[in-house]
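Chains as they are written, first to last, in numbering that gives the first Met the number 0: chain R, 0 to 355; chain Y, 0 to 355; chain B, 0 to 355; chain C, 0 to 355.
A couple of the hints might just be wrong.
The list treats identical chains as interchangeable, and a pair is accepted whether it falls inside one copy or across any two copies.
[What the hints assert, rightly or not] Below 27 Å or equal to it, Euclidean Cα-Cα: the simulated BS3-like pairs (lysine-lysine) are: (1) Lys321 x Lys307; (2) Lys304 x Lys273; (3) Lys321 x Lys51; (4) Lys96 x Lys307; (5) Lys144 x Lys352; (6) Lys352 x Lys72; (7) Lys72 x Lys96; (8) Lys273 x Lys96; (9) Lys321 x Lys96; (10) Lys307 x Lys273; (11) Lys304 x Lys321; (12) Lys144 x Lys172.
Don't read these hints as lab results, they were simulated from the structure. The structure presented is a predicted model; accordingly, all values stated were derived computationally and were not measured.
Protein chains: 4
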Amino acid sequence: MNTFGHLFRLTSFGESHGRGIGGIIDGCPAGLEIDVELIQQDLSRRRPGQSKITTQRKEPDQVEFLSGIFEGKTQGTPIAFAVWNKDQHSNDYNDLKDVYRPSHADYTYIQKYGTRDHRGGGRSSARETIARVVAGAIAKQILAKAGVHIQAFVSQVGEVQLNKSYLELDLTKTEENIVRCPDPEIAEEMIARIVLAGKEHDTVGGVITAVATGVPAGWGEPVFNKLHADLGFAMLGINAVKGFEYGSGFEGTKLSGSEHNDIFVKTENGIRTKTNNSGGIQGGISNGEDIYFKVAFKPIATLLKEQKTVDRANEETTINPKGRHDPCVLPRAVPIVEAMAALVLVDHYLLNKTNM
Amino acid sequence: MNTFGHLFRLTSFGESHGRGIGGIIDGCPAGLEIDVELIQQDLSRRRPGQSKITTQRKEPDQVEFLSGIFEGKTQGTPIAFAVWNKDQHSNDYNDLKDVYRPSHADYTYIQKYGTRDHRGGGRSSARETIARVVAGAIAKQILAKAGVHIQAFVSQVGEVQLNKSYLELDLTKTEENIVRCPDPEIAEEMIARIVLAGKEHDTVGGVITAVATGVPAGWGEPVFNKLHADLGFAMLGINAVKGFEYGSGFEGTKLSGSEHNDIFVKTENGIRTKTNNSGGIQGGISNGEDIYFKVAFKPIATLLKEQKTVDRANEETTINPKGRHDPCVLPRAVPIVEAMAALVLVDHYLLNKTNM
Amino acid sequence: MNTFGHLFRLTSFGESHGRGIGGIIDGCPAGLEIDVELIQQDLSRRRPGQSKITTQRKEPDQVEFLSGIFEGKTQGTPIAFAVWNKDQHSNDYNDLKDVYRPSHADYTYIQKYGTRDHRGGGRSSARETIARVVAGAIAKQILAKAGVHIQAFVSQVGEVQLNKSYLELDLTKTEENIVRCPDPEIAEEMIARIVLAGKEHDTVGGVITAVATGVPAGWGEPVFNKLHADLGFAMLGINAVKGFEYGSGFEGTKLSGSEHNDIFVKTENGIRTKTNNSGGIQGGISNGEDIYFKVAFKPIATLLKEQKTVDRANEETTINPKGRHDPCVLPRAVPIVEAMAALVLVDHYLLNKTNM
Amino acid sequence: MNTFGHLFRLTSFGESHGRGIGGIIDGCPAGLEIDVELIQQDLSRRRPGQSKITTQRKEPDQVEFLSGIFEGKTQGTPIAFAVWNKDQHSNDYNDLKDVYRPSHADYTYIQKYGTRDHRGGGRSSARETIARVVAGAIAKQILAKAGVHIQAFVSQVGEVQLNKSYLELDLTKTEENIVRCPDPEIAEEMIARIVLAGKEHDTVGGVITAVATGVPAGWGEPVFNKLHADLGFAMLGINAVKGFEYGSGFEGTKLSGSEHNDIFVKTENGIRTKTNNSGGIQGGISNGEDIYFKVAFKPIATLLKEQKTVDRANEETTINPKGRHDPCVLPRAVPIVEAMAALVLVDHYLLNKTNM
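Construct the entire structure; sequences and hints are all you get.
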């Protein structure tokens, strides 16, 4: 299904090489002044062609609002928007029309729907995340008023890992390099790794870490819509994501309970926890500490290498794609992770208004 | 919120020390003969006191159906059920009434709701998962008719890891030992680790792996309700879960795309993939291969050790719980993981009926 | 589907002659002190056997709460409840097991589900409305705190009509007679009409009018969840309801716009309308005036008369039911109408909290 | 909220004088060949300026599809569409910017949202129904394949009533006159009544009757989503609607049960009912007979007459609108009623696939 959220709902539409990508945001509170520039900034962080380590396809990605904003303010009515597609070169994809590319959605879409728009991946293209970035950028503006800020960064590319807690890093440096890693030295290693993958006509995966600060205690709706469950759901819905963990995550499973428990302490700022293995969420509800989590991205499937496969006629065949490709999706996925986190948080911000 | 699922919906209720735990299943197809014995089997796999490595509290956990089943068959109407609580010893919890136990939901529930049923964790108790196990056991029966089977097992306890693919294991051996690990040798190590934790009045975490076989190609609803996104959401909603990964997961982020891609091959059983890094899901839709995933559980927070904390009056205090505790929740969580997977899969089985 | 509401959600369960009728209320704000006596009052207003003009079957209808209330207060967690069935005399229905009673749901349930619990109508019995009355009685308690009160009354029985606006009536007199009509003279006529129907072993339909006072301007969620659309949906979901109108309703279609428009006037109590053809709702949103509407009930289908019909074997047959029947459901439906209105209003009360 | 439907979901957007009106249809089955001409036909039936008895504003209303259709077929992905606004003359509305027009949504939108797009009614304009007509026209195409057809017609204008059952009428004549009444003589009277209202700068209300044929037994989801409850909800969500009844409706409340019951009979076409007071729905589920219902429309609020009112500054004032107006919305509302009925029916068609 193509609607995300309970009260702040994004319904998205669009294919890679159709008329455009867009969506409708329903449930956005009225009276919010929209800063379009901030939305365009996130679209620019997501778009291809922004640096030497991303695909060189040019997509200007200008958002147009179609409803719901009047005299610069939200009206409480549905906010429709679109980013129109340009320069699609649909014919580039004719060769792949009837071929199931390995680890893409070609085969499964045909199995499910009996048909598919093959051009550039159609609906399964990561270009669809444009709608999420636009809606997330609006959600961020609501959250900013509530004192909540989200920052994501690349913490792993292939085997190159940033082995530091986010607390040891200066996250404001994230945007200072093209890979979006706040540690300049590791960033250089990551960039080199991606350049290598590009030269090899191959791709490389990695991990994005995200931190949300300023979330007050009380957000989250147990037992099923625990705050981290909704965050995980949001992240796993992003193309190429294979895993999600929050707080101590998979590593924390090796600790004993007495090591893992976060002791409550009394501070001048109220009750806090001494450590934060909980990742800011206890019993599915935010506890006022930073919320942090990691998202695993596989190396994306589009390679410029010869690969065996099967086609719609059930015949074995070989593909050997040419042209441009994106050796690593991680830098461009940073704003997508932030956007999805913002959608979840603003939803729980609104949900929590109805609990007392 | 306390409803799970889109078409096959479980709404759950109940607190640890209230009248009981139960739920309503809405959307269960009519005409299904219910095998109550299979449901009780899963409840027994979940219940405390079943072996020396789980808490010794006795909870017989007998399900009573309140509606929706007539002459042994589902009627298409809501199936309500309850497992009535017994022997609750509510007074045992009086000491903890106004104390925020570390890494429990005590503090966050008070922050969110301004009130809480403190007895045994109330709504935040893992006893709530009884409702999921009952509903999941019914979902399993529907899936079995469709040829789908789910098997979970413990693949890590603390540092003790089962470093084998599920393909190298005989999963039918899972229930042959009390820790529910299909490798008898590793199982012994795991049991020893849990016994040690118990002796130390401490707890230990770990990982559960699950495999679903027989899922045909075509289940999953992009772009948001990708099959793995719904599975991740389901798993992250289970108490103490900190992470989820499917297919190649976090490890797969280190591979290059050419290593990671699953090549399509033509077989006598139709189109298959040579490897299965995709975990049976491509573009959010099942591709006919086995679906497998891992779920990380933190060491649970209830220890029999002295710990500092803060109380509702904002005063620092110390707790030192006595009695019985559960050193490792993993063996009992195996049927819960299966249940939640079954709920997701049956939901997508029904959803997929409406796509063509 | 068996869940009603967006934020304040009732999921109901139960069959006429099963274990009981009940439900789960999810989304009820925390900290509400529940007055069980008020709930029982509404159950008593709904139950059979309360007067000479209703069926003489005795159903004590005592509610038991199963979760979500602790020390008398709601906890923000799901409130499960049940009214256990008693004295069901299930065998009374054996004769009707395979017969399609005219204008009942027997035939359609079999067509839809392939099976049905035939005892007393099973799930299609009006006994199911018990769950609505309990949930509605809780909703009323929340609304009362917000200054909102709902009063329904019988305004027509067969051809006997109360041709007065609710403004000309003293609604506090509604409960002073057994037919629940606030006009004592018309009430006598209505009672006589029902007694006659009873003697004839027949039934009679009618109309219930309801008024909600104290609803502030701003409730309602256009374009689809207009306040009156949700009210109509709620009313049409009650057994035997055939129509709904609000404000000027069907009669208002005969007026010209200049007669129908409600002129705004400035008063000491703020902006009001001079007339209220709008029924307190404009553009789907409450405007602060009284909300009023009418609900049409057909004469119920259970007669003690011989009727031709067809059975499950597709053979023509004749039924001739004996025993007790309910000549007019209207007096007992008054609390059901109020309950459903309360569920809608409390839902919009919560929804409106998220709009600004 | 701006999403309609459970499985076949329309999310609509747009204001009267914004960029356009449109929506996203999610859940439309894949592989459907879309006949755009049929969609344009319904848009033309809805648009202003089509005859002397509707407003003379010209709105060409050409639909553009933005996604979800490839090579003329639906893809199972979201179908976005828009009808772009033209010639909006937004400045015409400057005088009404701060005035609460009687019986419009001006006052309630300001009360709810604190802001509104005043141009032509903004979101509350009936122009929003364009999205419903487009989605409904697609729903009709799915239903047609299932043998289901919907026909609505005008059965009352002011006091001019068509006092015949739809069975006595030749519904194919509905489109032969500009008022869309299948009885030519009554149609003339209705047209005269509307012309009179236009001359008087006033408006007139009325009733639309709709019939759905070919619905098989089994559609409808008790207890809350009874087929008629979803139909009523859909109709009451249309601008200016004040009432809904199906089958015998309000008049049927005057019958006794023995008169009202529909006797089952055995026919060569299976089990049928002798009469159809049930309106094709029993227990909330279709029984295979024709489904028919009536929808009451108030006279619309926009008059070309002087009227007293109050403005945003809380001051009494007078409005005296000039220009064109629509004396009777009924003829143009016929396709809207059909569209909403189609959305409900296709939704239940899909829902019913999941019940067995």
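- Task: Could you check the structure against the hints above and give me the numbers of any it violates, in ascending order?
- Result: none
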